[in-house]
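> Each chain is listed here by its residues.
2 protein chains.
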Amino acid sequence: MSSNRVAADRVDSVTTGPIQGSVKHYREIEADGTALRIPVRRIGLSTGDHFDVYDTSGPYTDHTAVIDVEAGLPKLRDSWAKPDVPGPRTQLAWARAGIVTTEMRYIAEREGVSPELVRAEVAAGRAVVPANHRHPESEPMIIGKKFAVKINANIGNSAVTSSIGEEVEKMVWATRWGADTIMDLSTGRNIHETREWILRNSPVPVGTVPIYQALEKVGGDPTKLSWESYRDTVIEQCEQGVDYMTVHAGVLLRYVPLTAKRVTGIVSRGGSIMAAWCLAHHTESFLYTNFDELCEILARYDVTFSLGDGLRPGSIADANDEAQFAELRTLGELTGIAKSHGVQVMIEGPGHVPMHKIVENVRLEEEWCEEAPFYTLGPLATDIAPGYDHITSAIGASIIAQAGTAMLCYVTPKEHLGLPDRDDVKTGVITYKIAAHAADLAKGHPLAQDRDDALSKARFEFRWRDQFALSLDPDTARDFHDETLPAEPAKTAHFCSMCGPKFCSMRISADVREYAEKHGLTGEQALDAGMSEKSAEFAEAGGKVYLPVVS
Amino acid sequence: MSSNRVAADRVDSVTTGPIQGSVKHYREIEADGTALRIPVRRIGLSTGDHFDVYDTSGPYTDHTAVIDVEAGLPKLRDSWAKPDVPGPRTQLAWARAGIVTTEMRYIAEREGVSPELVRAEVAAGRAVVPANHRHPESEPMIIGKKFAVKINANIGNSAVTSSIGEEVEKMVWATRWGADTIMDLSTGRNIHETREWILRNSPVPVGTVPIYQALEKVGGDPTKLSWESYRDTVIEQCEQGVDYMTVHAGVLLRYVPLTAKRVTGIVSRGGSIMAAWCLAHHTESFLYTNFDELCEILARYDVTFSLGDGLRPGSIADANDEAQFAELRTLGELTGIAKSHGVQVMIEGPGHVPMHKIVENVRLEEEWCEEAPFYTLGPLATDIAPGYDHITSAIGASIIAQAGTAMLCYVTPKEHLGLPDRDDVKTGVITYKIAAHAADLAKGHPLAQDRDDALSKARFEFRWRDQFALSLDPDTARDFHDETLPAEPAKTAHFCSMCGPKFCSMRISADVREYAEKHGLTGEQALDAGMSEKSAEFAEAGGKVYLPVVS
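Going down the list, the sequences are from chains A and B.
Residue numbers for the first sequence follow full-length UniProt numbering, beginning at 1 and rising by one.
Residue numbers for the second sequence follow full-length UniProt numbering, beginning at 1 and rising by one.
Chain A with its partners taken away, still in its complex shape:
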């Protein structure tokens, strides 16, 4: 823990214990002599079976784990091999050298794919494994379009509100519900200390936007920024263990005037800071002119670039415009440079885009940026619903993920209006798990539909507790059910409150199925052949189809 750390009493207690209806389980495998324990959330079913789901929550949901926020999480990856290869020691360099790292084996088991697929995708630059050597607490994960779509949750204090304790709890809370990475976007006081507490306790990769802290260091005046102060900030954050960094190096001086006629100008904070700097100095962005040196720094730690879209559209009117795509072309150029230094790269994307303009974003990103993983904020499919932008953006996020986006940055209901609280963070995460899963289904991810099928089967068989446990948010599902039918017998009732016992279509169709199976009737021909003489028999049995099982 950093010597700058704040007093422990400023970190409130964090949420621990398993999610309702499940337990933490570890699959044990061996990789190059190292015993690996791959975490899964194991959902117990009333049938005696279980269903395992991908688990991002770290030790916090393990009821046997001892959580000590002051000590931080165990340094899981410190003992893992870091093979010697010529050049940088990054997952990209190892993958290119044909080496399957321990991280890659861990990821393959998590994703249900072969270690070779992981290596090949990383080597091609189509996937990244954000894993700073100095953040050994993190459980390896991968971002790439051949794998499950990932989601990021933003946390971080601002000048206006929030404490360190709240931010650490937000990280634990967000990963509990499924955040694959978190970004610490703090801009207020104690940026270094907040980040230290988050990193030492985070089981997922942590991203930052170093320009925010660099700006704090120069008193908030962007014209006073310099490459030197920025570089020092990046090194400080690399040393701490930040896994990926947003760098707005594509905001070039000549692109700035392209935003002048926009409805909403520049809406990216990093983008606007760099635009102001470029205009004030009438000089090309120091992030662009010093990009090679920046690559050398990130390569030493295996920090991944997240090349920021500083000129992303902030409204439907500005989507897919000249400013946005000019920057994207430059991000493509920078992608090639970063990879030549052995540095992993992903590309950030919009923003606000109407549905019919979404797919073009993915197509151009892939074409211009060597298929580097795309990491988008939404996009929001309309501007007219502040207060519901988790939904407006989930629509865009699902579509852009189906088209190939590898990670989705969540948007909470407070977007455009205020800072998300604990409930907003959960709502944002669950909403984005929906978008990511919908895309996994549409892309045919091998493990995706199993969960839908398991839940729907439980629903059809009136296994209410299993339905809750298999859902993304068992607590809410159960609470909603209990609002109308709170009694315990209702958990096993063969009907629900929507239709009541007499109108239950599920019950009727269970009867239909039972009847059809009994008589081998599963197709038109079978029906024609065998059904005529059975109808009286069914009518007799059918007289009972509405018998309520709970009075």
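If chains are identical, the list can't say which one is meant, so a pair holds when it fits in one copy or spans any two.
Calculated pairs, BS3-like style, for lysine-lysine (alpha carbon to alpha carbon, straight line, at most 27 Å): (1) LYS457 <-> LYS261; (2) LYS357 <-> LYS457; (3) LYS261 <-> LYS443; (4) LYS457 <-> LYS443.
Since the hints were made in silico from the structure, they are not lab data.
With the hints as your guide, set chain B onto chain A.
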């Protein structure tokens, strides 16, 4: 009001008064000697301008209106012309005869299109105007893919819970927030009386599923249903003023066994009731065999068919299967029959469908059902998020509407779990307004983007109150803003709580724009030519870009 009506004290008071930041306004036009007042919601802006939006809320949001729930709404359409033509007096027959009805003129003004477009689309069967002669209180509206995408809200009591007063208020509440039609799906006691109160007070078309009431009349046993009792129920509802009716006439005997191997069988209540009847009697559905007579009844009142998808998939696993598409083909056959009787038709659609299988539903519906308006329930893009199915389904709804679906049936957060309360109804309506609007944008509806642009402009210019007023839900937008920055000066602050005054990208880009405009810099060449010498000047001005306007 029906003589069966329940005591007035059972109807609680309903919500009245304008939505925050707007007033009811009427555009006055003349049509064939009739003075028409077309309602709009007029949003007042702090710039002195106003912005009008489509308004479904009826007189309840008119602060000058006297609302008397016992008397019902004024019978707006009773005095309108009902031209004599050979055959039925339906909007379809009139449109085919080349007549632009008063309803069509009213709709054209509402939609911002020509009356002739309305007539032509109705004549072609690509749009419907659900307007029972016996529901003169309703304000005409149109459902068709060339017009704004519409949404429906389901209300209605069940055997388990809810009162008449609650249902009337749900209708008022749902239309307040934008429901274009409502369906009364009551299955419990007082079905007739509940419907009467809703119809006499509803400014929007009301739909029902007559089989629910027919089933109540035979004590809940589907095997006891008969054509005669069903027909009587339909006539009763036509007489009351129901505008459109869901009829599951496509559930044929030979399709029932196709559902036996499904993960979730038959999930439509109407579908399962008819399946049970067909199996019990081993006879073709009485809805199918008596469809001509049914058409004759509906034609007399100009009640619109909503041909129900009784075999719609209830899970991702069952999407686009043989049972679903077999029924859809039959709905196409019935569409032709209905139209030959002069009856308007729309077609109901799924359900649960993964994103990559959604567009095929629209394609086949259009091909097989003569492009009759498609009216879909969601579809839910995944099964795994009970408690959030307004969101899972908004994803599917946006995509299916972009592909050509004309009306979306809302889904609330309580779907699969319980009965929606007042908050759930609002959440469902707003969520579906988002889906519908996102599709309007993607389809290039002429009026759609104006609202996004107006809101984004207000956002960029820090006109907070205008941003709230232009949003789909001004109350929530304002509440969320006030949670972090409640003070009144913050409503005019040139920053918000997310970034605080020092980090505001909107402010920086306003400065960039001001600078660029001052120097005529709006393109790369302009920049190259004129910018070099101006940079010192900007640096001087730029030193002030972060001055907070509120301390």
